[in-house]
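Participant: One line per chain: the protein sequences are A, B, C and D, in this order.
Going by the numbering used here, the first sequence opens with residue 74, and the numbers climb by one from there.
Going by the numbering used here, the second sequence opens with residue 74, and the numbers climb by one from there.
Going by the numbering used here, the third sequence opens with residue 74, and the numbers climb by one from there.
Going by the numbering used here, the fourth sequence opens with residue 74, and the numbers climb by one from there.
Just so you know, these hints were derived from the structure itself, not from any lab.
Treat each hint with caution, since some may be false.
It does not matter which identical chain is used: a pair holds within one copy or between any two.
Unchecked claim - Straight-line Cα separation of at most 20 angstroms, SDA-like style, residue types lysine to any residue; simulated pairs:
#: 1; residue 1: Lys320; residue 2: Pro398
#: 2; residue 1: Lys240; residue 2: Tyr397
#: 3; residue 1: Lys413; residue 2: Asp302
#: 4; residue 1: Lys402; residue 2: Arg136
#: 5; residue 1: Lys402; residue 2: Lys456
#: 6; residue 1: Lys413; residue 2: Phe294
Protein chains: 4
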Amino acid sequence: MSSISEAYQSTRNHTVEICKPLRTEDYIPQPVAFASPAKWHIAHTTWFFEEFVLSTYLPGYQRFDPDFAYLFNSYYNSIGERTLRAERGNLTRPGVDQVYAYRAHVDAHMLELLEGDTPDELREIVVLGINHEQQHQELLVTDIKYILGHNPTFPQYKAGASLVNGKNAQTGWLAIAEGIYDIGFSGNGFHFDNEIGAHKVYLHAFEISRSLVTNGEFIEFIKAGAYQDFSLWLDEAWAWIQADDIKSPMYWHMIDGQWYQYTLDGLQKVNPLDALCHVSYYEAAAFAEWRGQRLPTEFEWEAASSQFDWGERWEWTNSAYLAYPNFKKVSGAIGEYNGKFMINQMVLRGASVATSNGHSRNTYRNFFHARDQWQFSGIRLAK
Amino acid sequence: MSSISEAYQSTRNHTVEICKPLRTEDYIPQPVAFASPAKWHIAHTTWFFEEFVLSTYLPGYQRFDPDFAYLFNSYYNSIGERTLRAERGNLTRPGVDQVYAYRAHVDAHMLELLEGDTPDELREIVVLGINHEQQHQELLVTDIKYILGHNPTFPQYKAGASLVNGKNAQTGWLAIAEGIYDIGFSGNGFHFDNEIGAHKVYLHAFEISRSLVTNGEFIEFIKAGAYQDFSLWLDEAWAWIQADDIKSPMYWHMIDGQWYQYTLDGLQKVNPLDALCHVSYYEAAAFAEWRGQRLPTEFEWEAASSQFDWGERWEWTNSAYLAYPNFKKVSGAIGEYNGKFMINQMVLRGASVATSNGHSRNTYRNFFHARDQWQFSGIRLAK
Amino acid sequence: MSSISEAYQSTRNHTVEICKPLRTEDYIPQPVAFASPAKWHIAHTTWFFEEFVLSTYLPGYQRFDPDFAYLFNSYYNSIGERTLRAERGNLTRPGVDQVYAYRAHVDAHMLELLEGDTPDELREIVVLGINHEQQHQELLVTDIKYILGHNPTFPQYKAGASLVNGKNAQTGWLAIAEGIYDIGFSGNGFHFDNEIGAHKVYLHAFEISRSLVTNGEFIEFIKAGAYQDFSLWLDEAWAWIQADDIKSPMYWHMIDGQWYQYTLDGLQKVNPLDALCHVSYYEAAAFAEWRGQRLPTEFEWEAASSQFDWGERWEWTNSAYLAYPNFKKVSGAIGEYNGKFMINQMVLRGASVATSNGHSRNTYRNFFHARDQWQFSGIRLAK
Amino acid sequence: MSSISEAYQSTRNHTVEICKPLRTEDYIPQPVAFASPAKWHIAHTTWFFEEFVLSTYLPGYQRFDPDFAYLFNSYYNSIGERTLRAERGNLTRPGVDQVYAYRAHVDAHMLELLEGDTPDELREIVVLGINHEQQHQELLVTDIKYILGHNPTFPQYKAGASLVNGKNAQTGWLAIAEGIYDIGFSGNGFHFDNEIGAHKVYLHAFEISRSLVTNGEFIEFIKAGAYQDFSLWLDEAWAWIQADDIKSPMYWHMIDGQWYQYTLDGLQKVNPLDALCHVSYYEAAAFAEWRGQRLPTEFEWEAASSQFDWGERWEWTNSAYLAYPNFKKVSGAIGEYNGKFMINQMVLRGASVATSNGHSRNTYRNFFHARDQWQFSGIRLAK
């Protein structure tokens, strides 16, 4: 069996693994526009292979159901589709069983296809599909947490799967010298279009923390009244705090004078030594301001990344998500992949406890809106 | 077995019957604030008996799960609860199985209780619970239709269950003489607090149609450009048409020059001879205006109701939902039943194809907002 | 000079009189959609005479400015116009001077026209225009109060013009016997289309208060915690209180433990003996509920109105604004006058301190939304 | 007379000059949250000197009116103030005359103060106030244009003041070599906190256009159907186009097959040879995408700026508005000046026809939201 086939199967299996603790009901809702239903994730990742691989490369392939292209396509951009996007949580049919049957159908044909010759072009699109599915695996975890974590009964997803623990093994500041650094992906492996185009960036001397901000440090920030002090916050961050009555990271609850947090293993006490997560960029920036320090840029982070531990928290940087000098949108639907989101989002670097194996590298550029808290996002300071 | 016990069981069984064609997924979503999830309906009707009957009348009764009072109580009125109301569709736990276990638990205890002595006070509250559940049965049908009918694949709920057919057996106008009429419930059977207090109403002579407006008549209205002619519409109706781009009754679709409608049996051609349904008060009033006629008041309707067929469509009247002269709110949570909705809603009289057996009478006052289309609501004209 | 001409002039002068204390700046804003700018009121009332009188009855009449029909016409119903409606406060041109020149132009031609023969049809439309302008005079006063009253510096409109004083001369309850009453306008004078069609209404015996609810009585209601007790409020009233953080009648401010209110004479202490005003229907209904009484229907009010003092507060009734039995919309633009608002508004009876002389009668039906507080609206109880 | 005094007077006079063509009415409205009333601009710039200069440096200074600090302070950040911000257009009092009296009062005291010794610290804050007022002068022009340009009668602000003309004197592409460039302000003159901190930036070789995109080029883009082709647009740009029905730059109107635009001199034909203005970042980015080119970064722009003409259009860059490496917020209210807006805005470089004399330099960083069109913003391409 070829390694591409193995990679395909292992990725596809991992998605199913993530969903195993779910009940049928859990696959359905879309509580906020940014968190898609589990059913949609598992169908959409399947649709990707049907649309971009099987329909093109497997002669005589018959689509499982022609409606599915319409229902599970996040790319086709029209008014109708946009309406549909916010309505994903209302689509009870096709059912979960049908969507798994769709997966099985596509998997069988994919494996048939991958047993034969796999020209470079085909391998490339399959690898893209695998990485696409890995991205959705991470969203699956965080979207499931969002749904269960907003249930007043705080149901457990899986025993032992809290995912919020993690102590800093390193401490202190790392000094990086002024100079020209090579930034961006330049190897042979897989990479997204947004990280390609190795280029030079001039960095002034800076220091970056070897450790992530801990829950305990953030509790000090809360105790100091930071959520009530507008001078620490960006103008629109302050509006967000007022409008949504934000008083802590997402999933935190003050019960009888003690901070608790919802985890995938249920409600647990906040451990002051663990690395903080579920903060927005707004909160990360305010915390840095309060400390008299700052967030690193994505270039500083990348230049220094070989010298500290990372991989458990997505780390907010002080860089906006914009194109690298040589960025070029691919033509066609695949070209909609990353480029169209290059506005009003901030870059996160690293990876998180929800990131799939083999899906992280130090040139990876993740991006979310400044107010987003539902990822396992944390803070590393610079100065 | 006592008749109250039989009535209880038959009502409870009917709810389960309605849900039989549903898949687990169908129980979950709340696509709009006014349409609650099926899971919520079956749990909430159960909660009613647990809260108002078992907790009071069955000594030593243990609640199935203390959280359920919070999750499935539509009465407790606080900010928290209001937030929860719009979030019903995001509650995946307790699951459908648990909610049916809750039903079984409450049913077993209810039957135990009803086997013994049933003092009047107990019987009254059980009968209220039965009627409350019958109201939810109707909402179950219309909410299920809403969810399935907004799925782009138009899934069938049950073969043969379209519910939209229905021809007028009678025709022509019925003349009612001027005079004083007795209005409101005055018998011995069950009735809601809003229909009690028989009182006199003076009616001027009027004529009321023996037949309901048909699909064919409404198609004429559409063809005449009525949805584009503001002079036919109430001011806020016109705003609604513009904002929501309304062009037909709910569930109607123009396909290749022919009107189709989603029914519980899937997509079907609109039959011009069937009685129209799924129109808002706005549409009913505009149609009457276009005809140079008007809608009857709820008093005219009630006074004439023994002389025409009714029962397949809720019929919009030109009466606002307000208190009868002797209306008195019951104290406590039960008092929130009807009185608090007496503002900005219009009265519908009759009953519909989704109304449970034994749940209709000519003094029954149903009420919805003027824009609501999702009930099996139709039009009877007066002049 | 004919009496119609005198009536015209006196009405037109009164509008100018109301605006005299205004500065140019005060004519411009539209702080909420329901409160039109003073400039718009004085132009729109002028446009009415140009459009419906001069253009039809004065041969060779030249419009002052063709754009004005578009800018100051509240009737022409299209998407464009609706956008414009909320934008009235942004129209700085034509300026206040131009609008007064427009008034002068139309007045000169109206007086010329009214010097000659005035056939019945012409007189009727002129009288309608006069009454239309009187309605706007009342809105002018309340809209001016809204603008100045929401300025943090509480500017005075005119010394001695507070308009909120008024003691009840009568006390006690008036008993009205059961029977058939004639309701609606039946005389020869001016009346609106919504009050025409005298008809019989059967009333059960009831009692109605000779006095209006006072500020002092309402302060008791506040002190009793009524704004925090959901059981007193209609469901949507409670939502309104939560969303808008309502804690008192409009214009009331608690300063150093004492209730003050903004009046057209500036900020003043609330006098407990004065008749309450600036309450919504929601507040009126909750107050009645708290007292264990109710609001009268508009029919009860009219039947009893000759036996108590009224005229300083618009009084909320428990009747929805709907058509009388013989209501018939006039064809054409004039037909849009009242009928199109007959949904989701409540009837107020009486008149207020802001009502122009000669503009009140006991058959007059005013109507506002249940949440509206900015009129001089008060409470009379029934039981 | 000292030069600081002269600079003060000349700046203050220029503000008054800009407002001369306004009528009193024009000073009032705030048609959208981002466009403040002219009255507010002239009062707020005055308040700056009263608050930060006179109150501190002129012994015994008496404030003109204590309320003004509350009304015209854009800095004091509380819930109350935020409410007030959107309500600026409803504040009819203090009137325009009073606000000019406030100006005169502050000017008299400022000149008295500036006649004496002016220590460095005082001079610095006065120069900041002058530059602050110059910023507001530009906003005054564009906000006035917004108000008059959204009036359906398209009133003229001043004859000959259209401000939209401007031909490119240069053409062709300018090649800039790869290397390290010094970016940011490093001289002795005035500068804002956001441009300070000269630092090195590595630029790869690029070409930048010597000319701005013209109206004619943009008409080609429109004719090619670009506003209907989602593939050219950023994801949220496409949502903006759909939601707001955007079809052209702001102020453009298609009349009888010809493009017209509102100018401060009234409605005029669009001249294809003039430099385009009033486009959003979204439109600038889509235009570049359509051309197969891109927008320059702010660093590229600054590095090349000595070799092309600029100064008539603010030019959108592909850089987000973020802190320079050594950015440090000043403590106190002055510190709120720029830093708190460093999120979700894009940088514009250059200056515009509305920029005051002496207020432009090639290190100046202007910033607006990606959807903003109301500035004189244009497009310069890079590749």
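Participant: Evaluate each hint against the coordinates.
Facilitator: Now for the hints, and whether the structure bears them out:
1. For a Cα distance limit of 20 angstroms, the shortest separation of Lys320 from Pro398 qualifies neither inside one copy, at 39 angstroms, nor across copies, at 30 angstroms.
2. Within a single copy, Lys240 and Tyr397 get their C-alpha atoms no closer than 34 angstroms, and across copies no closer than 32 angstroms, so neither meets the 20 angstroms cut-off.
3. When the C-alpha separation of Lys413 and Asp302 is checked against a cutoff of 20 angstroms, the pair qualifies only between copies, where the shortest distance is 13 angstroms, while the shortest distance within a copy is 35 angstroms.
4. For a Cα distance limit of 20 angstroms, the shortest separation of Lys402 from Arg136 qualifies neither inside one copy, at 28 angstroms, nor across copies, at 59 angstroms.
5. In this assembly of identical chains, the alpha carbons of Lys402 and Lys456 lie at most 20 angstroms apart only when taken from different copies (14 angstroms versus 35 angstroms within one copy).
6. In this assembly of identical chains, the alpha carbons of Lys413 and Phe294 lie at most 20 angstroms apart only when taken from different copies (19 angstroms versus 36 angstroms within one copy).
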